[in-house]
Structures are given as structure tokens and as C-alpha cells.
Amino acid sequence: MNAKTRINNLKSYVKKPYNIILLVLLVVLAYLTLLPLVTIFMDTFTVHASEVRMVKGSVKGDLTLYHWKKMFASGVTSQKTFYEPFANTMLVAFLSCLLAIIIGGFFAWVVTRTNIKYKGFISTVFVFPYIMPSWTLAMAWLNFFRNSRIGGAPGIFTVLTGIPTPDWFAYGMFPIIMVQGMHYAPFAYILIGGILRNMDANLEEAAQLLHASRFRIMTKITLPIVRPALLSTFLLVFSSTMSAFAVPAFLGTPVRFNVLTTQMYRTLNGMNPGYGYIMALVMIIIGVSILMLNQWVTGRRKAYTTITGKSSNISLVNLRRMRNPLSVLLIIILLLVAILPLVSFAVESFILAPGDYSLSNFTTEFWIGEGRPDIANSEPGILRNKSIYLGLWNSLRLSVLVSLIAGTVGILAGYSIAKRRGSHLATAVNNLTFFPYLMPSMAFGAIYLSMFAVRRGFIPALYGSFALLVIVGAVKYLPFASRSGINAMLQLSGEIEEAGTILGISWWKRMIRIIIPIQKTTFISGYLLPFISCMRELSLFILLVSPSTRILTTLLFQYNEKGWNQYANAINLLIVVIVVGFNLLVNKVTGASIDKGIGGNA
Amino acid sequence: MPEIVLKHITKRFGKFVAVDDLNMVIDDRAFVTLLGPSGCGKTTTLRMIAGLETPTEGEITINGKVVYSSVEGIDVPSSKRDVGFLFQNYALWPHMTVYKNISFGLENLKWSKTDIDEKVKELLRMLKIEEFAGRYPAELSGGQQQRVAIARTLATGPKVLFMDEPLSNLDAKLRMEMRTELKRLHRETDSTFVYVTHDQLEAMTLSTKVCLMKNGLLQQYDPPLEVYRRPANTFVADFVGSPNINLVPCAGSHTDDGCVDLRCEGGLSLRFKPSSAFDFSDGANFILGLRPEHIEIGRADAMVEGQILSSLPSGMETIVIAGLSGLHLNSVMFGDLDFPVGSKIGIGFGSGIFNLFDAATTGNLCQGKILAVSGV
Numbered sequence: 001m002n003a004k005t006r007i008n009n010l011k012s013y014v015k016k017p018y019n020i021i022l023l024v025l026l027v028v029l030a031y032l033t034l035l036p037l038v039t040i041f042m043d044t045f046t047v048h049a050s051e052v053r054m055v056k057g058s059v060k061g062d063l064t065l066y067h068w069k070k071m072f073a074s075g076v077t078s079q080k081t082f083y084e085p086f087a088n089t090m091l092v093a094f095l096s097c098l099l100a101i102i103i104g105g106f107f108a109w110v111v112t113r114t115n116i117k118y119k120g121f122i123s124t125v126f127v128f129p130y131i132m133p134s135w136t137l138a139m140a141w142l143n144f145f146r147n148s149r150i151g152g153a154p155g156i157f158t159v160l161t162g163i164p165t166p167d168w169f170a171y172g173m174f175p176i177i178m179v180q181g182m183h184y185a186p187f188a189y190i191l192i193g194g195i196l197r198n199m200d201a202n203l204e205e206a207a208q209l210l211h212a213s214r215f216r217i218m219t220k221i222t223l224p225i226v227r228p229a230l231l232s233t234f235l236l237v238f239s240s241t242m243s244a245f246a247v248p249a250f251l252g253t254p255v256r257f258n259v260l261t262t263q264m265y266r267t268l269n270g271m272n273p274g275y276g277y278i279m280a281l282v283m284i285i286i287g288v289s290i291l292m293l294n295q296w297v298t299g300r301r302k303a304y305t306t307i308t309g310k311s312s313n314i315s316l317v318n319l320r321r322m323r324n325p326l327s328v329l330l331i332i333i334l335l336l337v338a339i340l341p342l343v344s345f346a347v348e349s350f351i352l353a354p355g356d357y358s359l360s361n362f363t364t365e366f367w368i369g370e371g372r373p374d375i376a377n378s379e380p381g382i383l384r385n386k387s388i389y390l391g392l393w394n395s396l397r398l399s400v401l402v403s404l405i406a407g408t409v410g411i412l413a414g415y416s417i418a419k420r421r422g423s424h425l426a427t428a429v430n431n432l433t434f435f436p437y438l439m440p441s442m443a444f445g446a447i448y449l450s451m452f453a454v455r456r457g458f459i460p461a462l463y464g465s466f467a468l469l470v471i472v473g474a475v476k477y478l479p480f481a482s483r484s485g486i487n488a489m490l491q492l493s494g495e496i497e498e499a500g501t502i503l504g505i506s507w508w509k510r511m512i513r514i515i516i517p518i519q520k521t522t523f524i525s526g527y528l529l530p531f532i533s534c535m536r537e538l539s540l541f542i543l544l545v546s547p548s549t550r551i552l553t554t555l556l557f558q559y560n561e562k563g564w565n566q567y568a569n570a571i572n573l574l575i576v577v578i579v580v581g582f583n584l585l586v587n588k589v590t591g592a593s594i595d596k597g598i599g600g601n602a
Numbered sequence: 603m604p605e606i607v608l609k610h611i612t613k614r615f616g617k618f619v620a621v622d623d624l625n626m627v628i629d630d631r632a633f634v635t636l637l638g639p640s641g642c643g644k645t646t647t648l649r650m651i652a653g654l655e656t657p658t659e660g661e662i663t664i665n666g667k668v669v670y671s672s673v674e675g676i677d678v679p680s681s682k683r684d685v686g687f688l689f690q691n692y693a694l695w696p697h698m699t700v701y702k703n704i705s706f707g708l709e710n711l712k713w714s715k716t717d718i719d720e721k722v723k724e725l726l727r728m729l730k731i732e733e734f735a736g737r738y739p740a741e742l743s744g745g746q747q748q749r750v751a752i753a754r755t756l757a758t759g760p761k762v763l764f765m766d767e768p769l770s771n772l773d774a775k776l777r778m779e780m781r782t783e784l785k786r787l788h789r790e791t792d793s794t795f796v797y798v799t800h801d802q803l804e805a806m807t808l809s810t811k812v813c814l815m816k817n818g819l820l821q822q823y824d825p826p827l828e829v830y831r832r833p834a835n836t837f838v839a840d841f842v843g844s845p846n847i848n849l850v851p852c853a854g855s856h857t858d859d860g861c862v863d864l865r866c867e868g869g870l871s872l873r874f875k876p877s878s879a880f881d882f883s884d885g886a887n888f889i890l891g892l893r894p895e896h897i898e899i900g901r902a903d904a905m906v907e908g909q910i911l912s913s914l915p916s917g918m919e920t921i922v923i924a925g926l927s928g929l930h931l932n933s934v935m936f937g938d939l940d941f942p943v944g945s946k947i948g949i950g951f952g953s954g955i956f957n958l959f960d961a962a963t964t965g966n967l968c969q970g971k972i973l974a975v976s977g978v
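Residue numbers (the working numbering), protein chains in the order written: chain A, 1 to 602; chain B, 603 to 978.
Calculated directly from the structure, the hints in this document are not laboratory data. Treat the hints loosely; a few may be bogus.
[What the hints assert, rightly or not] Cβ-Cβ distance ranges computed for the label pairs, FRET-style: (1) B:V668 to A:L316: 22 to 28 Å; (2) A:I518 to B:D801: 32 to 38 Å; (3) A:I331 to B:E659: 31 to 37 Å.
Each residue gets a CB set at the ideal place from its N, CA and C atoms; glycine is no exception.
Can you make the complete structure from the sequences, with help from the hints?
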């Protein structure tokens, strides 16, 4: 190759927009996802300002093995700071995941395979708990089952029945598992329902025609075929429950039941950031391993593509006499899990003295009051409260910016990756855009804390700035957007764009007039998911907010920590209303729904 | 004797009527094809007989036993109907080997291990797939998968075998091969085959009887050559045969010698001699069906002069479009012929038997010969 050919090759390479996009993404994402891993790794060996007194004879910035020793090999200290929370995390994650799969799988089976009534309603309402922030059910649980020994005033259940709830029932492992199980059940429902809905019904019919009983069809055909997908569902739910922060913080902290995330929050906010960074690293390693395991499970020879989309005429199990009772029962369960919590927030936010539900105790103080010196240090009601409005403004601003950045980058990334599919560059960028998904939210927040606490090259110390929240949010939610971007592009045959290229239409025009309009719905969901996730996110931002950048969710958490229960309930109601309302609005506008039409149109 | 009887079968999906009052008897050891354009209800009919779909109304009897009756509330599940079903996409179980796929049905019937082994090996031999016994379906080609699906369906020895467009996913050459294979299987297994297809050629070549459907309504149920020779209406005439039949609208009037004088748009007039008398009034509107092979070009006994508009020789035959008094007629001439486009040439109708349809009802009125033609 002579020099001229090389220059021409280079010219034609950079003339293609997707090459440029991939190169830029490669550099930026490597900087934003890989480099922080290095800094967090270094941080586990560094003496931080607050640790100088503990590590004898050191100055800030010294290298040390102190954190690792204390964490893993120091008897009772290690037991309390690491091994116990670690064991709790694994147990809670495993059991809540199991619960989620059982509940979600049961609902998915009932909705896709039986002639149950009200399918549309069940399907829509069942995903509510998942759309709502994860602590919603935890707060509801406390509203109902608080006991006076630990929670101050008793909850609604005790007031109504006179039965005091035991500690194990109100706080700690049991309610955490219940609440997380219910919160992630819709996630399992969406995944399993999708599998069941798309599974080729002919496979089951073929067995039926060959004289197989229903039970044999279930055990020999259906289950083995969905097993890889089921396992993959399990792993995905597990990695979510493992990294959950809000629920253990609400339900576990009062009885000192610690998991890795709550422990991480404590240590990073306290005197031992070194411990926290190690825990973040451990969680990242577990998270990455789980998802690699998932890749392996779904990539094997025995993981089949059973998707044909031709199962519309599957014969449904006739529930016969069970049909009406079961339909009603499911509706009641849904109302208990999805609607009743909201009612409890409303009720709690109007009650003056907690635990007293008599009519005379109702007040609008916590919504529109000016603030009374005897309650919560004269904190005004949330509709007249400057810090709430600041938080709301920050939340909205943050969610909009994050969704715009993540969504747009996601479309471009999806487009470029699909265009250069198979090349090393595209594979590398694809993996980089997906990488943040592997990392537990709080650990991801922690690595940004580590990375941007100080000045790095030309980038100033961003800690406490709003920009840092935007960056961390955009990178963390990029996987949602880039997935939908890639899917949208893969569905679109390359010829559609080529037809435009041949007519001499510029790249910009091709994107804006051809590609984006065709795949509108998918792209919109690439904007929608980051927005909703961001609006209800707590653990990603909690380590990074400063008083001026507080958002609604962190405010809620602070009010709750202070024990200002009514304010917390009111704020939560506000968040739920915004998130659910926005979600419904987008469903209406785009026709895209989170439950992906599992309930059909029935 | 295995005989399938459908009485007043109707299937509605909401407001949409998929199958409308279908009556039909499928004889023992018949090879019946359900033929029609997509969405005509043929697959739904097949699935209803097999028990995979529940009819809205009607009665189905297999082998003298009522398996479905809307009046009596009988609905025998498909696992008890003793029928085989071959799916369009084969529906092989991806997690089982070829051997396991075939033996599954026999296990359900609680056969002993040795009997199962013997039967499976026999089927593997019969369908020439012995070397694939240990493979998974994903590791087979389309044709091999097809054979496994057939073996699996035949394993339990059903007396009735249903097939839903089984050849549509194969390439042209394999399809030819499998057609021969299916005819052989039909003879060897002594079973009744019911076969769904939208390919008229497949229906013509395979079946002993063709059931033609359109929009859920039965159009004609006859042996294939009967359907070809005497189509019940213009839809059937048009659907069966390639190249397409020429359907020429015309007005008829009586002549003295019992013939019909047919005047077409553009001025062509034909003298049509019906083989049986039928009633009509002068000026009534008809549609005359002219099969391409009955339009003879360049023969000595030509009746009228036309013009060659296009000529597509393929060696064995040549498809010609001939212009005749403003009409464009499809014609097929056998042999390696070619005609210069634009040339004038003689056209004859001497050897064919033609069908005359009512223009309003599109129904077949009568058959007859064409005695004379005059153009403009």
C-alpha cells in the first residue's frame, strides 16, 4: 500500500459518520467507565483524610493495605463490617429473587396461558410496583406494620386490630424479602410473560397430539424450553436485588440489619471511605460475574430461539369453576400491592400525631402548613417548602437532561453499532455502553465519587456539582437507550438507508427524515426509560448530592432518616404521581407499554 | 372405517367469520387438500378437525365417533383424537435429539423400551435419517428437519394425518422431492391425509380430492382434474391452472341450431355449442373461460387471425400472449417454438371443451365447444 492509498482509505473511513461516532464513544466511554475502575481500585489502597488517625503514622494519600486487612482478616471487625452484611445480602437477594420469580411467573402463566378474566387490567396494574420507586412498598409496609417499640407510633394494622407486630415481622430480613420480592415480581413477569407469549405454541400442540398429558407437556416440553430464559431471568433479578439500597435502608436500618449497600453508604459517608470502596469493588465483581454467567447461559447451544410470534391461537387452559374466584382473587391481591400503598401514603401524610387515625387528628399541616415549632423544627408543608421545590426542580431538570443525553447517544450508538456489526470497534463500543448496566447503582455512584472528588487533568473536581449527577445518570442509563437503539436499527434493513444514500441524501437528512421516523416508538422508549428511572433513582445519586443539588428522592430519604414520617409520605406520593402519570402519558402517546402487551387486548 | 365428517362447521373470531357453514366428507384413505388464498380459513379448518381450535358451531365426526358437537357440548381433546399433525414450521422440540423427538409419542403410549427402539429405528430408516439420530434439530437442514417431523408424526401410527403447508419452507428442488415422498408415504401408510396449501400445483399433483375455499366459504370439493376441467365458478377457474385461464366477458343470444352466439367486448364473436341445454334470455351476460392450452396458435385448422403480442419460450413449452379483436389471450404451445412479436398468425379453438359462467353469480352454467369465430 502506498501513501496515497492509505490517505484515501483514511479519508473514506472518516467520511462515514458511524466510524466517527464509534471512535468518539470509545474514547469518552472508556474514560467514563473504565478509568473510574482504576481510581476506585487505587482508593482501596489509599489513606483518606478521615482515616489518617486510624492508620498510624500515615499522611493523607499514603498507600496502605489497612482497609483490605480490616475488611477481610480482622476477626470480629471483618465479621461485622463485611462478612455479615455480605451473607445477609446474598441470602436476601436469593430469597427475594425466588419470591419475585414465583409470583411473577405465576401471574405470567395465568395471564398468557389461561382464560382468566380482566387480563388487560391485571397486566397493566401488575407492573405498577415496578414503575414506582422501590422503597414505595417498604414505606407502605412501615405504614401498616410499624411497631411502637422501634418505630415510635404503631402502624395502621396494629391500630385497627390491636395486635402489636413482632420485630421480625415489621423490620429486618423478612419484610425486606417480601417487599423486594413484590417489587421485582413485575420484572420477572415481564421477562417470563414475554417468553411464554413468544414461545411457539406448535411445540406444545405437537406434544398434545402425541398423547402427552398436560403435566407431561409442562415438565417435558414447556419448562425445558423456557429453562435457559428462566435462569437468565433469575440472574437479572438477582443482580438487581443484590444491589438494592432503599428497601434495606428503610426496613433493615432500624434493627441494625445491614447489607452491603447500606454498609457502603454508612462507610462512604462516614469515617472509612476505604471500606466503602472495597465493598463497591466486591459488588462490581459479583455484578459483572453474574451478568457474564448470564451471557454464557443464554449463549449456549441449548438456549433456543423459540420466538416465532405465531402463538396467537394457543389453546388456553380452561379454569372452569375456578375462573371467577381466581380472577377476583388476583384483582384483590393487585389492589393490595399496587393501590393500597398509595392510599396509605395519602393517609399518613394527613395525620398530625402518628398512629392516631381518628378524624380529629387529620391535618393539612404537612402539605400546606407554614411550619410549627413543635413539629420537625418548623419545617413548612411540602407545597410551601422551598427545599422541596428545589428538589423537584433538580429532579425534573436532572431527569430531562439525563434522558436527552442517554437517549440521543443511545440512538447514535445503536445506529453505529448496527452499521459496523461484527467489527472489533463496534463490539468494543457495544460492551462499553452495556458495562454500566453490570454495576450496582450505589457502587457506580461510589466510583464516580472516587474519580471526580479531585481535579483530573483538565476536568475540575466535580464533587457536589449538578453536572456530576447528569454525567453519572447519563452513563448509568445509557444501556437502556443503546439497547433500544440497537434493536431498532437491527429491525430496519440496511437497504432502507441505502435507498436514501443512492439518491444523494445527506446523513443528517437520512437520520431525521428516514430512520428516526420509522423507528419512532422504539427510540422514544430509549428516552422514556432513562427519564423514569432517573426520576425515582436514589442509590445512584445519594453519595453524590450536595445541599444545593438535592433531588426529591434524596430529600425523601433524609426526611425519613430524621423520622419526619408525614413529609416523607407526602414526597413519596408526589414522586409516585409524577412517575406513574408520566408513564401513562407516554403509553397513551406512543402506544408503547412496559408490560409489552403481555395481557393482550382482552 | 376412518372417515371424517364435518357438519355445518362455523368458526368466528369476534366478528370475523373464518369458516362459514362448512359441510364436507373426507373418505377413508383419501388425500384431501384444503386449497385457497391466505386467510381463506383452510388452516383454521384443519386445526378444528385436529382439535387445536374449537369451532363456534357444528359437528365433527372422526371414524364414526363424534369428537366435536356444539349442540351436545362434546369436545374431545386433540390428544384423544388419534390424529397426526405436521406443522408448517415442523415444531421440533429444540431440547431433544432427533431420536427423542420421535420416541416421545411412543413413551406417552407407554410402549416398552425395546419396542420404542425398534419402531424409531424403522422410521429413521424409512425416512433416510439414520445418521442424524443423535443430533439436535438446530443442527439439521430444513429438509432433514422436515423428515424428522414426518417420522415423529408417523411414529404413533395415526390413521389420519394432518399437514399444514409442510413444504412451504423448503426450496424448489427439495419440494419436488418431498412431494414424491409424501405420495409414497400415503400409499405405504394406508392413512387418510388432509393437507393444507395455497399452492394449486401442489394440490393438483398430490391429492385425490381438492377442497377449494375462499373467505371461509367452500367453493368446490372434487377430484383435482375435475376441478380443473369443470371449475364450479370463475374464482376456482382462475385459482387453478398456470398460466391463468382467460376469462372473457361476453353477451349471448340464441341461434337457430341450438348454439349460443357470444359477442365479446371489442367485437369478437364466437359460436358456442353447449353440451347440455340451459335457459337464458337473449342479451344475458356471460363469462367464457378459455384455458391457455386450448388456444391453438399457428395451426392449419385456424379459425381466425390474431397477432403475437409476446412470446416466452422455455424449451418444453412457450407461453404466448395473443391479441384478438382487442382481447389479450394467454396461450401455451407445447414444444420448442417461438413466434416473432408483432406477426399475424392464425388462432384456433377446435380441440378444447370450454366452460361458460354466469356473469352475475360467477357460477358454472355449462360446458361446450367452440364451432366458429369471427373477429373484426
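#### Entry: Range hint compliance [Cβ, A:I518 to B:D801, 32 to 38 Å]
holds (33 Å)
Checklist entry - For the pair B:V668 and A:L316, does the Cβ-Cβ distance stay inside 22 to 28 Å? => result Cβ of B:V668 to Cβ of A:L316: about 23 Å, so the range 22 to 28 Å holds.
Is it true that the C-beta distance of A:I331 to B:E659 lies inside 31 to 37 Å, as the hint says?
Taking Cβ atoms as reference, A:I331 and B:E659 lie about 33 Å apart, which means the hint holds.
In summary, this structure violates none of the numbered hints.
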